[in-house]
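Trainee: Listed below, chain by chain, are the residues.
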Amino acid sequence: AQSVAQPEDQVNVAEGNPLTVKCTYSVSGNPYLFWYVQYPNRGLQFLLKYITGDNLVKGSYGFEAEFNKSQTSFHLKKPSALVSDSALYFCAVRDPWGNTPLVFGKGTRLSVIA
Amino acid sequence: EAQVTQNPRYLITVTGKKLTVTCSQNMNHEYMSWYRQDPGLGLRQIYYSMNVEVTDKGDVPEGYKVSRKEKRNFPLILESPSPNQTSLYFCASSPAPRTLNTEAFFGQGTRLTVV
Numbered sequence: 193a194q195s196v197a198q199p200e201d202q203v204n205v206a207e208g209n210p211l212t213v214k215c216t217y218s219v220s221g222n223p224y225l226f227w228y229v230q231y232p233n234r235g236l237q238f239l240l241k242y243i244t245g246d247n248l249v250k251g252s253y254g255f256e257a258e259f260n261k262s263q264t265s266f267h268l269k270k271p272s273a274l275v276s277d278s279a280l281y282f283c284a285v286r287d288p289w290g291n292t293p294l295v296f297g298k299g300t301r302l303s304v305i306a
Numbered sequence: 016e017a018q019v020t021q022n023p024r025y026l027i028t029v030t031g032k033k034l035t036v037t038c039s040q041n042m043n044h045e046y047m048s049w050y051r052q053d054p055g056l057g058l059r060q061i062y063y064s065m066n067v068e069v070t071d072k073g074d075v076p077e078g079y080k081v082s083r084k085e086k087r088n089f090p091l092i093l094e095s096p097s098p099n100q101t102s103l104y105f106c107a108s109s110p111a112p113r114t115l116n117t118e119a120f121f122g123q124g125t126r127l128t129v130v
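Chains E and S supply the protein sequences, listed in that same order.
Mind the numbering: the first sequence is residues 193 to 306 in the numbering used here, read in order.
Mind the numbering: the second sequence is residues 16 to 130 in the numbering used here, read in order.
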């Protein structure tokens with residue numbers, strides 16, 4: 193069965209500094225990996241995905257993520273954080289050869305301080 | 016506009032009173048699923064459906080029912096709600112696996128309080 197771990201409940205970063213939100217996964221075979229963001233009182237919004245190809249994936253709002261197969265990781269990064277990036281971030285995995293939908297991590301709350 | 020629509024957005028009910036949360040998608044997606052979100056627990060899958068008339072239990076199905084009579088609709092039914100079902104609920108839809116455009120689309124959420 194696939195699973196996702198987000199080891200940090202909370203990440204604090206100063207505005208303008210680079211940010212990283214960590215994610216590791218477990219799935220048989222090659223995974224489909226996703227990042228979603230949830231702003232207060234809103235649903236989940238898709239940020240980016242890794243399906244195949246280049247290990248560095250670029251997504252919405254200047255975010256990117258690097259797929260590392262040997263470390264089974266898919267960390268979310270941004271070179272320069274904005275206060276408006278403060279939100280709850282979820283990593284998710286899907287086994288492309290299985291029948292189940294997305295499996296999510298527990299989420300990481302990002303706070304960007306001005 | 017591609018979207019997943021949930022209703023209602025907010026609901027307060029009493030223990031034992033049957034309720035239904037509706038979910039509809041306009042993207043002709045095969046997969047639909049329900050999640051509940053609780054602090055510190057992330058999103059946990061309740062039920063999912065791979066296509067019409069095909070449903071399966073997720074991680075936390077107890078106390079819930081679903082049906083998939085039409086491709087676009089996937090209602091969540093609580094036959095006898097209890098306070099431990101107080102939560103934020105999300106419906107999601109996605110294409111079948113083994114496609115490149117495989118990201119899930121989420122509804123705006125339904126905040127349910129059972130007193």
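Fair warning: there could be bad hints in the mix.
Derived DSS-like pairs: lysine-lysine, alpha-carbon spacing no greater than 30 Å straight-line [claimed, not checked]:
#1 S/Lys33 to S/Lys72
#2 S/Lys33 to S/Lys80
#3 E/Lys241 to S/Lys86
#4 S/Lys33 to E/Lys241
#5 E/Lys214 to S/Lys80
The hints are simulated quantities; they were obtained by calculation from the structure and are not laboratory data.
Trainee: For E/Lys214 and S/Lys80, compute the direct alpha-carbon distance and say whether it is at most 30 Å.
Mentor: Given pair E/Lys214, S/Lys80 is violated - Cα atoms ~34 Å apart, limit 30 Å.
Trainee: Just to be careful, I want the Cα atoms of S/Lys33 and S/Lys80 compared with a cutoff of 30 Å; is the pair within it?
Mentor: holds (11 Å)
Trainee: Just to be careful, I want the Cα atoms of S/Lys33 and S/Lys72 compared with a cutoff of 30 Å; is the pair within it?
Mentor: OK: S/Lys33 and S/Lys72 at ~20 Å, within 30 Å.
Trainee: Given the hint that S/Lys33 pairs with E/Lys241, test it: the Cα-Cα distance must not exceed 30 Å.
Mentor: Violated, at roughly 38 Å.
Trainee: Within 30 Å, alpha carbon to alpha carbon, are E/Lys241 and S/Lys86?
Mentor: holds (25 Å)
Checked against the numbered hints given earlier, this structure breaks hints 4 and 5; the rest are met.
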